[in-house]
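A.B. asks: Taking mature numbering (1 follows the signal peptide of the UniProt record, and there is no 0), I'd label the letters of the sequence shown as residues -18 to -1, 1 to 982.
There's no promise every hint is true.
[Said to hold, decoys possible] Straight line, CA to CA, 30 Å or less: simulated BS3-like cross-link-like pairs of lysine-lysine: (1) Lys667 / Lys58; (2) Lys929 / Lys840; (3) Lys112 / Lys245; (4) Lys604 / Lys667; (5) Lys99 / Lys363; (6) Lys607 / Lys566; (7) Lys98 / Lys604; (8) Lys65 / Lys99; (9) Lys112 / Lys566; (10) Lys65 / Lys13; (11) Lys929 / Lys251; (12) Lys840 / Lys65; (13) Lys435 / Lys65; (14) Lys98 / Lys13; (15) Lys40 / Lys27; (16) Lys840 / Lys13; (17) Lys363 / Lys98; (18) Lys607 / Lys667.
No lab work stands behind these hints, which were simulated from the structure alone.
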Amino acid sequence: MKFWFLLLLLLMTGFLNAQNSTRVSGIVIDKSTSEPLFGVTVQIKGTNAGAVTDFDGKYNISIPASSDTSPTLVFKALGYETKEVLVDNQAIVNVSLLEDIESLDAVVVTSSYGTKKRREEVVGSISSIKPRELATEQPATSVDELLEGQVAGVLINSNVNLGEPVSIDIRGQGSLTPLDGNVSGTSTQPLIIVDGIILTEELGIEGNNFFDADTGRFSENFLNPLARVGIQDIESIEILKDAAAVGLYGADAANGVILITTKSARPGKLRLNASIQGGRTTAFDQIQYMNGEQFNELRNIYNINNGDFGAVRPYNGVDTDWFGLLNDDGTFSRYSLGGNIGGEIVRFRGSVTYQNRQEAQVNNSFEQWNTSFTTNIVTDKFNAAIKLSPSWVTKNNPNTLGSFPLDPTLPVRDENGNLTLLPNIGNPIAVAQQNVSEANTFALLGNINLNYKFNNRFNITMLYGTDFSNKEEDKFFSGLNGSGITNNGEFGRRILRERNNRSWNWSTTASYEQSFNDIHNVSAIAGIETRGEVVELSYIAGTDFENFATPQPIESAAEIDRETDTNERYGRSGYTQISYDFDKTYFALINFRVDQSSAFGDDNNTAFNGGAGVSWVLSNEKFLKDADFTDFLRLRVSYGTTGNSRIGSYAALGLYDINNGGYNQTDRRASPQGTAPNPNLGWEKNNKFNIGLDYNFAQRFRATLEFFNDRIDDIITTRPALPETGYTNIEINGSSMRNRGIEFSIEAQWFNNENFSWTTNFNAASLDNEILSLSGASSEFSAAATARAQQVGSPTTALFGYESIGIDPATGRELFRVDGNIYDSNEVRELFDITDAQIIGDTQPDFYGGMRNTLSYKSFQLAIINSFTYGGDIRLDRNLIDGYNVLTNRNLNLNVFFDAWRQPGDLAANPAPTNSNSLVNSSRYVYDGSNIQLKSITLSYTAPVDKWKLPVNSLSFNINGSNLYYWYSDGRQSGRNSIAELSNVYPQQRTISIGLNTTF
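All chains, full assembly: derive it from the sequences and hints.
C.D. replies: Now the structure itself:
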C-alpha cells in the first residue's frame, strides 16, 4: 500500500511541475533580409537554461516554474545585436535581429585562394559590400550597375546601353588610353573574379580592323561579362585596392581586383525562395529640338548666309516629332526562384532568374536568363564544391539613336501612305520595323573546388574554373529604307558575327595556420596557377540582295566578305602570402607573385610583384584601453607593386593589317605590315602606397580615412615606327603617370531601438592624376577633329581646345583667346593647329561618392540611395549645339533657335549660322558636370506571416523607384535645354516597379 501511495505522489509531483512550466517557440530572422538565422542562442535571462535555433531559424524552449511570472528571453548571434524580449505569457515569440555595426568578427574575403580574415585583422584596403545594401530591386542587368556611388574610390559609369560593359575605375585609370581609336590599348578595367573564376572581357581584336572597326550601326555590340552572374546569387562583394590586398594577384592587379562570392548550399530541409519584380520605364530629360517651323527658318538663314539661295524654301507645314514616334513607356519584369536542401554532408542549391526589359525606345529590349546549380560536400577532412552557372542573353537594338534629331519637316509617310524613303540613315520608323539587330549569347561559369584538411593547421585546395561564352550577332539593313542602300545603289546589307571565348584557370594552394602561446598567430599560403584564354571570331557580310526586304542567307548576296580570327594567350604563376599578428594588436602581411605570359616576348615575359603591409590597433593599447572617444582605432600602411599584362595576345610579336580598307574592301592579296615586333616589350608596373585610419566611436559610428599614391611606370604606348622598317606602329614601354587621392567613408547608426532604426552610409573620394612622361615626348595629340591629347604635367582626362570668350556682335564669329591675344574663328583656323590647343576642361570629378540611408519602423523599411560628382567637365556634341552644317537633314536643340547670331549688334550665345563659324574644340561646348543623382528609393513591408496565418516562412512587399532624378549645377529653365538634357543623346530612363519576396 505504501508503495502505491509513493508512486502516486511522484506522478502528481511531475504532473504539477509540468503544469507550472511553459513552452515558448518561434523563428529568428535577419531583419534586413528576412532570412532565418541558424545558431542563435536563446537564453532565459538570469538562468543557464537556453536553446539554439536550427537551420530554419526555429527554436523551442521550456521555461520552468519560477517566481518570475513574465521572464525575458535573450537572443544572441555572432555579428548581430543582442536582443531581449519579454515573454509576457506568449507561446510564440518571433524575433528579428539587426546586424551589429560594431561587430569586428565579421568575416571579409581577402582573396580567391581561400583566405578570410575578421574585419579587425585585415591589413589591406578592402571594401566589402553585401547585395542587400545595393537595392537589388532595381532593373540592373549586372551587379556593377548597382555599385555606382556606393564604394569609396570607385567611379562607375553605368550610363551605357543595355547589357554593355560598364566602366569601372578603382582609384583612377590604371593605364593610358590610346588616342587612336583603332589601336588596342592596355585594359584599364579591374580584374574580376567570381568564385575563383577569372572573368574575360569582350574587347576589339588587335591587328584586325575588319571584324570590329566598323562604326555606328555596323559595329559589334559588346556584352558585360558580369551579366553572366545572377545578382540574386551573390553572397558578398569585396573590392581590393592597395598593394597589401592586390599584391597576391601580381601582374594583373594594377587596376584593382573585384572578388564576388556566390551563395553556397547550406544544411537543412528543403527551403524555397521566390521573388517577382515588375514595373514601367519612362524617358526623362529628353532634348527639346526645334519644331518644323523653327527648323525651316534657321535652315533658310543658314543657306542665305552661305549664298545658297536656291536651297531656301517655304515651310511645308510638316512638324514630325521623331522622338515621340520612336518612344513609348517601356516595361521591366523579373522572376526569380531558388531552393536549398542538405544534410550534414551533402547539400544542394539551385536558382533561376528571368529578366525582360523593354526600354522606352521601341524595339530596344534585353532578355536575360541566369541559372545557378551548387553542390557542397562537407566532411571533417574533405570539402568539395561544384558550381555551374549557365546564362542566356538576347539583346535587340535597332540603333535609331541618331534619328531623334532628324529633320522635323520630313514626313513619316508620303501622299500614298507609304513610309518615306530617306537617304543614308533611313526613315527611322521603317528602320525600327524592317531592320534586325539581335545578339544572342550563351555563357557558362563553372568551377570545382576541392579542399583537404590534414589537421587544424594545414590544408590544401585545388580549384579549376572556366568562363565560356558564345555570341552570335545578326544585323540586317533592309533595302526598303535608306539604311540598307549603299552609295553605289546596292540594296540590302546583312552582317553575321560570332565570338567564341574560352578561358580557364587552375590553381593549387596550400594553407597553414598556427598560434603560439595564444598571442603569436601566423598564417601562410603558397600556390601555383595556370591560365589560358582563346578567342575565336568569324565575320561574314553580304551586300546587294535580290530579295532585299527581309533577311536572306548571306550566300544569296551579290558581294560577300568573310573573315576569321583567333587570339590565344597563356600564363602561369606562383604566389605566396604570410600574415602575422601579435596579441591581435600588431599585424603584418607580405605577399609575392611571379607571373609569366605569352603576350610578351621571350626576352621579357616574367614579372615579379608583391606587397607588404602593417597595421596597429591602437585601441588595444593600455593608454587607449579605457578612452571615451573611441571604441576601435587602427592605423594601416602598405606598399608594393602590381602589373598589367592585359594588352591582347600578340602586342610583342608584330601584326599584319590585312583589312586596312574598311567595309567592302575586296583586294586582300597584299598584307601590309601594321605593328612592328618588339621582343623587349615588358610589363607595366604600378607602385602602390596606402595609409589608412579606421575609427569607431560611440558604438554608433564607424569611419575610414585613406590616402593613396600610385605611380605607374613602363606604360605600354603605341608610337609610329621608323619608315624604313616597313611598319606603321610599334608598341613600347616608356610612359609614366601618377594617381593619388583621399578616400573617406562613414557608417552612422543614428537610432536603433525595438521599433525604429536609422543608418546612414556616406563615402567620398578625390583623385589627382598627372602624366609624368610620354616615351620621350612632351605631348601627343590625336588626329581626330575633337582634340584628345596626352601632355606631361596634365591629367589623362584633360580636354584640349581653345578658350572661347564670346561671339563678336559685329560679325557673328566666335572669338578666342590664344596666348593672350584675341582671334576670331577664321583666324584660329588659319594660324593655329591642334598642337596649339590648351586645356579647357577635365572630365575627372574633383570629388565623387554616394550616400545610402536606411530607415526601419516596425515592419516597414525605407532605403534611399544617392550618388554625386563634384567637378568633372562634359564636352557636348557640337552637332547638338550649333553644328549648322547638319541642317540639311538633322535638327538642332531648341536653344540654337533663340541663341544664334542673326544680324550686326546681336549679343548672341552662338555664332552666325554658316558652314564655317564654329570650332569643334571650343570651350563653349564644355559644361560643368557636377550633379547629384537620386539613384534609388525602396519602400518595403515585411508581413506578419504568423498573425496572418500564411503558409510561408516570410513575405515582404516593396515599391522601388530607380534612376529617379538628377540635379545639375546649371539648374533648369523652362522651354530651354540644360546640361541635364544635352549630356545624353538618348535621355535618362526612370523605372517604377513593385515586387514581392517570399520564402517557404
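A.B. asks: With reference to the structure, classify each hint as holding or not holding.
C.D. replies: Now the hints, each set against the structure:
1. Lys667 / Lys58: Violated, at about 48 Å.
2. Lys929 / Lys840: holds (15 Å)
3. Lys112 / Lys245: holds (12 Å)
4. Lys604 / Lys667: This hinted pair is violated, its Cα atoms lying about 42 Å apart.
5. Lys99 / Lys363: holds (21 Å)
6. Lys607 / Lys566: Status holds; Cα separation ~14 Å.
7. Lys98 / Lys604: holds (28 Å)
8. Lys65 / Lys99: holds (26 Å)
9. Lys112 / Lys566: Roughly 26 Å between the alpha carbons, so the hint for Lys112 and Lys566 holds.
10. Lys65 / Lys13: Answer holds: Lys65 to Lys13 is near 12 Å, not above 30 Å.
11. Lys929 / Lys251: Measuring from Cα to Cα gives roughly 24 Å; hence the hint holds.
12. Lys840 / Lys65: Distance ~15 Å between Lys840 and Lys65 Cα, so the pair holds.
13. Lys435 / Lys65: violated (37 Å)
14. Lys98 / Lys13: holds (25 Å)
15. Lys40 / Lys27: Within the cut-off at roughly 19 Å; holds.
16. Lys840 / Lys13: holds (10 Å)
17. Lys363 / Lys98: holds (19 Å)
18. Lys607 / Lys667: violated (42 Å)
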